[in-house]
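**Student:** Protein chains in written order, with my numbering: chain U, 21 to 279; chain E, 180 to 501; chain C, 1469 to 1759.
Hints were generated in silico from the structure; no laboratory data involved. Don't take every hint at face value.
Unchecked claim - Restraint ranges, calculated between C-beta atoms of paired labels, are given here:
#1 Phe-386(E) <-> Thr-1685(C): 34 to 42 angstroms
#2 Gln-107(U) <-> Arg-1638(C): 23 to 31 angstroms
#3 Gly-114(U) <-> Phe-386(E): 15 to 23 angstroms
#4 Tyr-455(E) <-> Lys-108(U): 46 to 54 angstroms
#5 Ser-144(U) <-> Val-1650(C): 55 to 63 angstroms
#6 Ala-1532(C) <-> Lys-285(E): 54 to 62 angstroms
#7 Gly-256(U) <-> Phe-477(E): 52 to 60 angstroms
#8 Lys-108(U) <-> Val-1650(C): 20 to 28 angstroms
#9 Ser-50(U) <-> Arg-283(E): 48 to 56 angstroms
Said to hold, decoys possible - Result set (PhoX-like, lysine-lysine): computed pairs, CA atoms no more than 25 angstroms apart in a straight line:
#10 Lys-108(U) <-> Lys-93(U)
#11 Lys-164(U) <-> Lys-108(U)
#12 Lys-285(E) <-> Lys-1559(C)
#13 Lys-210(U) <-> Lys-108(U)
#14 Lys-164(U) <-> Lys-210(U)
#15 Lys-285(E) <-> Lys-1589(C)
#16 Lys-93(U) <-> Lys-128(U)
#17 Lys-285(E) <-> Lys-93(U)
#18 Lys-108(U) <-> Lys-1559(C)
#19 Lys-1589(C) <-> Lys-1644(C)
#20 Lys-164(U) <-> Lys-128(U)
#21 Lys-108(U) <-> Lys-1644(C)
#22 Lys-1644(C) <-> Lys-488(E)
#23 Lys-488(E) <-> Lys-108(U)
What the hints assert, rightly or not - Which chain E residues face chain C? A few, computed with CB under 7 angstroms, are given here:
#24 Glu-298
#25 Val-299
#26 Leu-469
For glycine and all other residues, C-beta sits at the position ideal for the given N, C-alpha and C.
Spelled out from the first residue to the last, the chains are:
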Amino acid sequence: MSAALLELDGVSRHFGGLAAVREVSFAARSGEILSLIGPNGAGKTTTFNLITGFLRPSSGRVRFRGADITGLKPHRVASLGVVRTFQKTNVFGGLSVFDNIVTGQYLKARLPYWRTWFPGRVASARDADMRRNTERLLDFLDLKRRRDDPAMSLPYGDLRRLEIAIALAAGPELLLLDEPAAGLNTAEAKDLVRLLRVVNRDWGLSILLVEHNMGVVMEASHRIVVLNFGEKIAEGTPDAIRSDERVIAAYLGRRQGEP
Amino acid sequence: MRGEGRILLALLAVAAVLPLVIHDDYFLHLLVVAGFYVILASSLNLIVGYVGELSLGHAAYLGLGAYAAALVTTRLGLSPALSLLAGAAAGGIGGLVIGALTLRLKGPYFVIVTLSFAEVLRLVASNWVELTNGPMGISGLKPPDLALGRGLVLAVHSQAAFFYLVLVLATLALFVMYRFVHSNMGRAAIAIRENRHVAQSVGIDPFFYALAAFVLGALFAGLAGAFYAHYFTYVGPEVFGFSFMMSMLIMVLVGGKGTLIGPVLGAVLVTLADEYLREAQQLRLTLFGLLVIAVVLFFPEGLVGLPAKLRRAAAMRGEARQ
Amino acid sequence: MLDLALQFTVNGLVVGAFYALSALGLTLILGLMEVVNFAHGEFYMMGGIIAYYLTGVLGLDFFASLAIVVLVMGAFGWVVDRLLIRPLRSKDTLSTALVTIGLSIFLVNTFLLLAGTAPHKVATPFPTAPLLLGPVVINETRLFAVAVAAVAILGTHLLIHRTRLGGAMRATFQNKEAAALVGIDVERIYGFTFALGTTMAAVSGALLGSIYVAQPTVGGLVSLKAFVVVILGGMGSFAGAVIGGLILGVAESLWGGFVSSGYQDVIGFAFVILLLLVRPYGLFHIRSERV
Ligand SMILES: Nc1ncnc2c1ncn2[C@@H]1O[C@H](COP(=O)(O)OP(=O)(O)OP(=O)(O)O)[C@@H](O)[C@H]1O
Ligand SMILES: [Mg+2]
């Protein structure tokens, strides 16, 4: 855990009169799992959109590896190594699971455009690489049985893993996951934590995680940033956040009856 | 090679021997027309089937190609081989300009604006009399003899020769499209159709790949237009018209959009059906209308998707029995 | 010169009112339901042909015929929505546009089979003699059509803004899910809206069939002009459709009169292209796409 990989510097975003994200600053360090939590409507997804270029900030800057990426188009941000998943599950519905993961490797599979018509050895070698990598990901995410099924026919749990598989296929340096545990049962959530650890420790990916499941957040994260009504109200280790009064108040204020 | 490529090669082999066994000039003429529609429908399919955008302005590139071919041969006296190139280039450039302007538009706007471009071009073709001869059109184009070298000319006069010419052009078109859709570029285009947001999140630039498919489609529509001009030796404003648009759209839908074989089958079948139902002019079109409705509602994958659909239905019945 | 300009402007306003009238139904179907309805012109055509049969062949009174057109075409629109549009509601623009293209081909050719290619005129109780207003010439049927157009526009406006049904419509097209949650039968609203749009197209076809002609093949042109008017006016806005229609009518008339009649029809398309290049989401549409 060392230098800042991703930095947000006073980032704001307004929708009409509503400040969905207000003057938010934080940094994700290289090699860490950083969680972004907060009650519903706190601005977490909006923050993801601002980082990945799906929305432009009204003000403030976003830097990745020190370079300013504010307002870059989504595909440009992705090509720098910042890949996200979506809160509402999003995959290539009509394609098979296998093709979903192959398509996810678009950036790695890129060759000069003329190679499209004169593929030669380079392209077939690249193809073989991609297939191998796809099989590996299928294995890793326990999707082998579903290999040739169309993505839209998958049960929910498989779908969520496929979504992660697509993002991993893109070869990110920083992975942004928007509520990956939503809708999972306890066992599945445990598996997810294990998966995040492996990806983080063994593959060396940094992860920015948005999640409501506190079990997952507390177990997986190195550090946590808390948003409420678009503003950052706390930042620290899981232990520190657990006992932070503003955080407790924010959650209690919004969702009564929860611990 | 994938299954799709093998089937296309088999079709090519069958097509290549057809003129040897068929000596009826009229039937050969139908096959030439079918070949023309194979190129045209396949080119539309790149946009409608692979990128998933309904471009109703595709007749624009057909028309640009046809007029470009007519103009460079009658005005500049260029050789027919060059005029085929000119047609493809005109279509491609038209596609680049119109695509760049329209691909940022969403849903209904895209449909209507692409259609508007074709209509504007049709009106220009009927009114710019000095250039296009207006509604009279340009006639007297020569057959596309291909000069293969000094003194060696491949004369394209007979129906069989025209058939082989269109076969070569269609093969070229399908080869280029095959390589495209089975490459990383093609996967990117399909990804945009399947889910634009996920495509962007893995690094795909939706605008660029939609435009690439658009230009490629327009280019081959232009080539088809140039062939049309030489085959019928005449070009008029109707090449920009909506009836060509309808024909190619029906072919793509009936055959199966988003596959390479679908539009080929669709083009051949619809051309032949069109001819043999010619007696019953309106009834034929009435039936086509119903056919389009039925395909959209019940067989969105077209003829090509039929075997899989039947298999699925059979499997379901099997399960039900158990 | 000034007289001429005035005459062209008045001609343009009359034609523009007709454009607006024939586009009104499409404001609902394209503007609110986002169905790129290529059969719009055919609904218009059907109104004209049916009115011709009722007045010309059966000899019914013009207003009675108009009432029958409303009933028949309202039911027809409902059925079309139920059978063809509803199954595709959750799909993209492509599918609904294609199904209406199929419907359009089917209707044109069915009516060619039934009614032939000949143009017909819908009989009205009004004299066709020209009326002179100062330097400007106009005739009574046209004035009547403009008046009916005004009434239709006003009536629909009141329906949408003053009735419970209208309230449910507005709620549905603002937020379908929320409307369904508060107990609005969203499917019925869609069906009703489509039927209303179809009826309006047919009524304008019947009215304009008394000024121009009713003919099975007029639909294509009507659809194209209506698309232009709806986009110019901003999707889903009645006032917008009226303004769009008038602008188009006057611009065409002036251009055709003073510049070049050949390119008259280019104007609408040129407007649409230019407008959408400047405002890719239409005139009044606010960009709000959620990820
Ligand atoms: N495109 C948009 N247009 C208008 N308002 C928006 C838009 N996107 C988000 N908002 C608003 O911004 C606020 C923050 O939303 P956001 O989706 O970022 O919350 P969140 O923290 O992800 O919540 P949840 O936990 O429910 O996913 C909300 O009030 C939301 O309604
Ligand atoms: Mg969220």
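**Student:** Next step is simple, just say for each hint if it's right about the structure.
**Tutor:** Each hint, compared with the structure:
1. Phe-386(E) <-> Thr-1685(C): 34 to 42 angstroms: Cβ of Phe-386(E) to Cβ of Thr-1685(C): about 38 angstroms, so the range 34 to 42 angstroms holds.
2. Gln-107(U) <-> Arg-1638(C): 23 to 31 angstroms: 29 angstroms, holds
3. Gly-114(U) <-> Phe-386(E): 15 to 23 angstroms: Holds - the Cβ-Cβ distance for Gly-114(U) and Phe-386(E), about 21 angstroms, lies within 15 to 23 angstroms.
4. Tyr-455(E) <-> Lys-108(U): 46 to 54 angstroms: Between Tyr-455(E) and Lys-108(U), where Cβ atoms are some 50 angstroms apart, the hint holds.
5. Ser-144(U) <-> Val-1650(C): 55 to 63 angstroms: Holds: the Cβ-Cβ distance is about 58 angstroms, inside 55 to 63 angstroms.
6. Ala-1532(C) <-> Lys-285(E): 54 to 62 angstroms: 44 angstroms, violated
7. Gly-256(U) <-> Phe-477(E): 52 to 60 angstroms: 59 angstroms, holds
8. Lys-108(U) <-> Val-1650(C): 20 to 28 angstroms: 23 angstroms, holds
9. Ser-50(U) <-> Arg-283(E): 48 to 56 angstroms: The hinted range 48 to 56 angstroms is violated for Ser-50(U) and Arg-283(E), with Cβ atoms some 36 angstroms apart.
10. Lys-108(U) <-> Lys-93(U): 21 angstroms, holds
11. Lys-164(U) <-> Lys-108(U): With a Cα-Cα distance of about 24 angstroms, the restraint between Lys-164(U) and Lys-108(U) holds, given a limit of 25 angstroms.
12. Lys-285(E) <-> Lys-1559(C): 14 angstroms, holds
13. Lys-210(U) <-> Lys-108(U): 21 angstroms, holds
14. Lys-164(U) <-> Lys-210(U): 20 angstroms, holds
15. Lys-285(E) <-> Lys-1589(C): 40 angstroms, violated
16. Lys-93(U) <-> Lys-128(U): 19 angstroms, holds
17. Lys-285(E) <-> Lys-93(U): 18 angstroms, holds
18. Lys-108(U) <-> Lys-1559(C): 18 angstroms, holds
19. Lys-1589(C) <-> Lys-1644(C): 42 angstroms, violated
20. Lys-164(U) <-> Lys-128(U): 22 angstroms, holds
21. Lys-108(U) <-> Lys-1644(C): Holds: Lys-108(U) and Lys-1644(C) sit about 18 angstroms apart, inside 25 angstroms.
22. Lys-1644(C) <-> Lys-488(E): Judged against 25 angstroms, a Cα distance of about 32 angstroms means the pair is violated.
23. Lys-488(E) <-> Lys-108(U): 29 angstroms, violated
24. Glu-298: Check passed: Cβ of Glu-298(E) comes within 5 angstroms of chain C, closer than 7 angstroms.
25. Val-299: Holds - the Cβ of Val-299(E) comes within 7 angstroms of chain C, reaching about 5 angstroms at its closest.
26. Leu-469: With a closest approach of 6 angstroms, the Leu-469(E) hint holds.
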